[in-house]
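J.: Given the structure of chain A, go ahead and fit chain B onto it with the hints provided.
Heads up: the sequence lines are chains A and B, in that order.
Start counting the first sequence at 1; every next residue gets the next number (the UniProt record's numbering).
Start counting the second sequence at 1; every next residue gets the next number (the UniProt record's numbering).
If you're looking for bench data, these hints aren't it; they were derived computationally from the structure.
Take these hints with a grain of salt, some might be off.
Since copy identity is lost for identical chains, a pair holds within one copy or between any two.
What the hints assert, rightly or not - Calculated lysine-lysine pairs in the DSS-like style (CA-CA distance at most 27 Å, straight line): (1) K270 / K245; (2) K259 / K245; (3) K259 / K269; (4) K95 / K270; (5) K95 / K251; (6) K270 / K259; (7) K251 / K203; (8) K56 / K11; (9) K203 / K56; (10) K145 / K210; (11) K142 / K29; (12) K11 / K251; (13) K78 / K126; (14) K251 / K270; (15) K199 / K245; (16) K235 / K168; (17) K269 / K95; (18) K56 / K270; (19) K56 / K199; (20) K235 / K144; (21) K251 / K199.
2 protein chains.
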Amino acid sequence: MEFWFSEYQSKNVKMSYRIRMQLHREKTKFQELAVFDSEDCGRMLILDDVVQLTMKDEFVYHEMMSHVPLFTHGNAKKVLVIGGGDGGTLREILKHPVEEAHLVEIDEGVIEAAKNYFPELSVAFKDERAKIFCEDGIAFIKDKKNFYDIIIIDSTDPIGPAVGLFAKEFYNNVYEALTEDGIFVAQTESPFFFSELLKRIYKDVSSIFKYTNVYIATIPTYPGALWTFTMGSKKINPLERTVDKIDFDTKYYTPEIHKAAFVLPAFVKKIISG
Amino acid sequence: MEFWFSEYQSKNVKMSYRIRMQLHREKTKFQELAVFDSEDCGRMLILDDVVQLTMKDEFVYHEMMSHVPLFTHGNAKKVLVIGGGDGGTLREILKHPVEEAHLVEIDEGVIEAAKNYFPELSVAFKDERAKIFCEDGIAFIKDKKNFYDIIIIDSTDPIGPAVGLFAKEFYNNVYEALTEDGIFVAQTESPFFFSELLKRIYKDVSSIFKYTNVYIATIPTYPGALWTFTMGSKKINPLERTVDKIDFDTKYYTPEIHKAAFVLPAFVKKIISG
Numbered sequence: 001m002e003f004w005f006s007e008y009q010s011k012n013v014k015m016s017y018r019i020r021m022q023l024h025r026e027k028t029k030f031q032e033l034a035v036f037d038s039e040d041c042g043r044m045l046i047l048d049d050v051v052q053l054t055m056k057d058e059f060v061y062h063e064m065m066s067h068v069p070l071f072t073h074g075n076a077k078k079v080l081v082i083g084g085g086d087g088g089t090l091r092e093i094l095k096h097p098v099e100e101a102h103l104v105e106i107d108e109g110v111i112e113a114a115k116n117y118f119p120e121l122s123v124a125f126k127d128e129r130a131k132i133f134c135e136d137g138i139a140f141i142k143d144k145k146n147f148y149d150i151i152i153i154d155s156t157d158p159i160g161p162a163v164g165l166f167a168k169e170f171y172n173n174v175y176e177a178l179t180e181d182g183i184f185v186a187q188t189e190s191p192f193f194f195s196e197l198l199k200r201i202y203k204d205v206s207s208i209f210k211y212t213n214v215y216i217a218t219i220p221t222y223p224g225a226l227w228t229f230t231m232g233s234k235k236i237n238p239l240e241r242t243v244d245k246i247d248f249d250t251k252y253y254t255p256e257i258h259k260a261a262f263v264l265p266a267f268v269k270k271i272i273s274g
Numbered sequence: 001m002e003f004w005f006s007e008y009q010s011k012n013v014k015m016s017y018r019i020r021m022q023l024h025r026e027k028t029k030f031q032e033l034a035v036f037d038s039e040d041c042g043r044m045l046i047l048d049d050v051v052q053l054t055m056k057d058e059f060v061y062h063e064m065m066s067h068v069p070l071f072t073h074g075n076a077k078k079v080l081v082i083g084g085g086d087g088g089t090l091r092e093i094l095k096h097p098v099e100e101a102h103l104v105e106i107d108e109g110v111i112e113a114a115k116n117y118f119p120e121l122s123v124a125f126k127d128e129r130a131k132i133f134c135e136d137g138i139a140f141i142k143d144k145k146n147f148y149d150i151i152i153i154d155s156t157d158p159i160g161p162a163v164g165l166f167a168k169e170f171y172n173n174v175y176e177a178l179t180e181d182g183i184f185v186a187q188t189e190s191p192f193f194f195s196e197l198l199k200r201i202y203k204d205v206s207s208i209f210k211y212t213n214v215y216i217a218t219i220p221t222y223p224g225a226l227w228t229f230t231m232g233s234k235k236i237n238p239l240e241r242t243v244d245k246i247d248f249d250t251k252y253y254t255p256e257i258h259k260a261a262f263v264l265p266a267f268v269k270k271i272i273s274g
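Here chain A stands alone, though its shape is the one from the complex (with noise of 0.2 Å):
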């Protein structure tokens, strides 16, 4: 028997895993989840037909999405995850000595999915440094002043939901919540596909944070698979930044990495510059 998932890339590209078998499926108040045992990538979240990380390769976006901004800062104590409601991102930050790590996710059922589906994400939960708040995040954010070192958006595709984590309007409320020498990381697409968005965002963060920078690493299974993070920075410049060593095991990021992570192919860097 033939039992596949396809995920529309675009509208013209289908990604399709063969699957094991469906381990789980609801409506939730915001979205269609499902959680699939696939062939090659091991388990899969899906959300509105959108594969949102895969056992195969959730590491590189993981660690890419939460190292980077915590060597860069050196001394982080708050930080904030809006969405990454897996708990993958969580994970990563709490290999760092932080006081508090926040979560902002507007879907309890991806935290329940995650808890059930996903032990090697949302063991992040258990943590005692960690508290998890099922909320708006854009909501959550409007009153937070000068409080948190790290905010890192770990959204959705910018449909749906996640819409309002791509607005300039949110950038804004982003850089008041953060202390002073505060640094906030953004997911923001592939350059092989979705150009527009990342020279939006790259304008717009610009225009509101002193350093603006974007690094990459490669996905497998997101559309166009070289992806970007764009990070705006208060005070701290992300290319005078050196990390020595790390303390804990990874198996994507490593201090050389980090800095070779910001070194852009001349058609980013052409997309940004635009």
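T.: Showing chain B alone in chain A's frame:
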């Protein structure tokens, strides 16, 4: 009307492209060849159901395959490409002041398809420094001694006609065909899905060449997207080379990307050191 081409990237993962039109299809002496015009990725060359290139991202592969060894060498006069019958790698090589660039492609059908359907790539064939041989690269190289400064293995996957291009005996012949400071590069697939191949080739090349290094680039339409290139060098240490500037246009390669490409994610370092 829906018209899709699907590629099995493995037995369990399929990538599908919406096709505007089939431009060409034939059974050559060696393989089944097709040229499609796709909606999102432009023209595509397919051999035995495997995507060889798309106009959307061919620049990544061809630039990284050629500029990294050529700038590492710094003074290459004679360059050989084995495979690469589409002309893309040759096109990039000819941006350098080489005296002769030879291309040995076993399948004349690929050369003809490139001439007819990929003028942006096959433009290289018209350069007076270029010489095209429709022969078996493995036989071609056997009687060449101390002749080429650079040899590039621009092969299909290690199944079918290309198997011999991934064999240790062949790398020995490549070594002999190179001048005393010669450099060779081969495309060695994705570490996400073909780690055993990369591991084996790294070991084989290391047993023959003084310096063996792996570098990476992201090619979205190749399985796993994170692509490895394995370089063997007889005398020049690639990590000690710095490229100051380049005097032609590129879309991916830059002197900074050159350096960053040799920085490997932790899991890739582990594969080749294991």
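J.: Next, verify each hint and record whether it holds.
T.: Hints and how they fare:
Taking identical chains as interchangeable, the C-alpha atoms of K270 and K245 lie at most 27 Å apart only when they sit on different chains, with a minimum of 17 Å there against 32 Å within one chain. Proximity of K259 and K245 under a CA criterion of 27 Å is satisfied in both settings, with 13 Å inside one chain copy and 20 Å between copies. Taking identical chains as interchangeable, the C-alpha atoms of K259 and K269 lie at most 27 Å apart whether they share a chain (16 Å) or sit on different chains (16 Å). Taking the shortest Cα distances, K95 and K270 sit within 27 Å of each other only across copies (21 Å), while inside one copy they are farther apart (35 Å).
Only within a single protomer do K95 and K251 lie at most 27 Å apart by alpha-carbon distance; the minimum there is 14 Å, versus 37 Å between protomers. In the homo-oligomer, the alpha carbons of K270 and K259 lie at most 27 Å apart both inside one protomer (20 Å) and across protomers (19 Å), since each shortest distance falls under that limit. Taking the shortest Cα distances, K251 and K203 sit within 27 Å of each other only across copies (21 Å), while inside one copy they are farther apart (32 Å). In this assembly of identical chains, the alpha carbons of K56 and K11 lie at most 27 Å apart whether taken from the same copy (25 Å) or from different copies (16 Å).
In this assembly of identical chains, the alpha carbons of K203 and K56 lie at most 27 Å apart only when taken from different copies (25 Å versus 33 Å within one copy). Taking the shortest alpha-carbon separations for K145 and K210, only the intra-copy value of 18 Å comes in at or below 27 Å, while the best inter-copy value is 57 Å. Taking CA atoms no more than 27 Å apart as the test, K142 paired with K29 passes inside one copy only; the shortest distance there is 23 Å, against 67 Å between copies. Taking the closest pair of Cα atoms, K11 and K251 come within 27 Å of each other only across two copies (25 Å); inside a single copy the shortest separation is 33 Å, beyond that limit.
In this assembly of identical chains, the alpha carbons of K78 and K126 lie at most 27 Å apart only when taken from the same copy (17 Å versus 62 Å across copies). Taking identical chains as interchangeable, the C-alpha atoms of K251 and K270 lie at most 27 Å apart only when they sit on different chains, with a minimum of 9 Å there against 30 Å within one chain. In this assembly of identical chains, K199 and K245 lie within 27 Å of each other by CA distance solely across copies; the values are 26 Å between and 33 Å within a copy. For a Cα distance limit of 27 Å, the shortest separation of K235 from K168 inside one copy, 20 Å, qualifies, whereas the shortest one across copies, 53 Å, does not.
Proximity of K269 to K95 under the C-alpha cut-off of 27 Å is restricted to the inter-copy arrangement: shortest distance 22 Å between copies versus 32 Å within a copy. Only between protomers do K56 and K270 lie at most 27 Å apart by alpha-carbon distance; the minimum there is 16 Å, versus 31 Å within a single protomer. For the homomeric pair K56 and K199, the shortest alpha-carbon distance between copies (19 Å) is at most 27 Å, but the shortest distance inside one copy (29 Å) is not. Taking the shortest Cα distances, K235 and K144 sit within 27 Å of each other inside one copy (19 Å), while across copies they are farther apart (59 Å).
Taking identical chains as interchangeable, the C-alpha atoms of K251 and K199 lie at most 27 Å apart only when they sit on different chains, with a minimum of 17 Å there against 30 Å within one chain.
Checked against the numbered hints listed earlier, the structure breaks none of them; every hint is satisfied.
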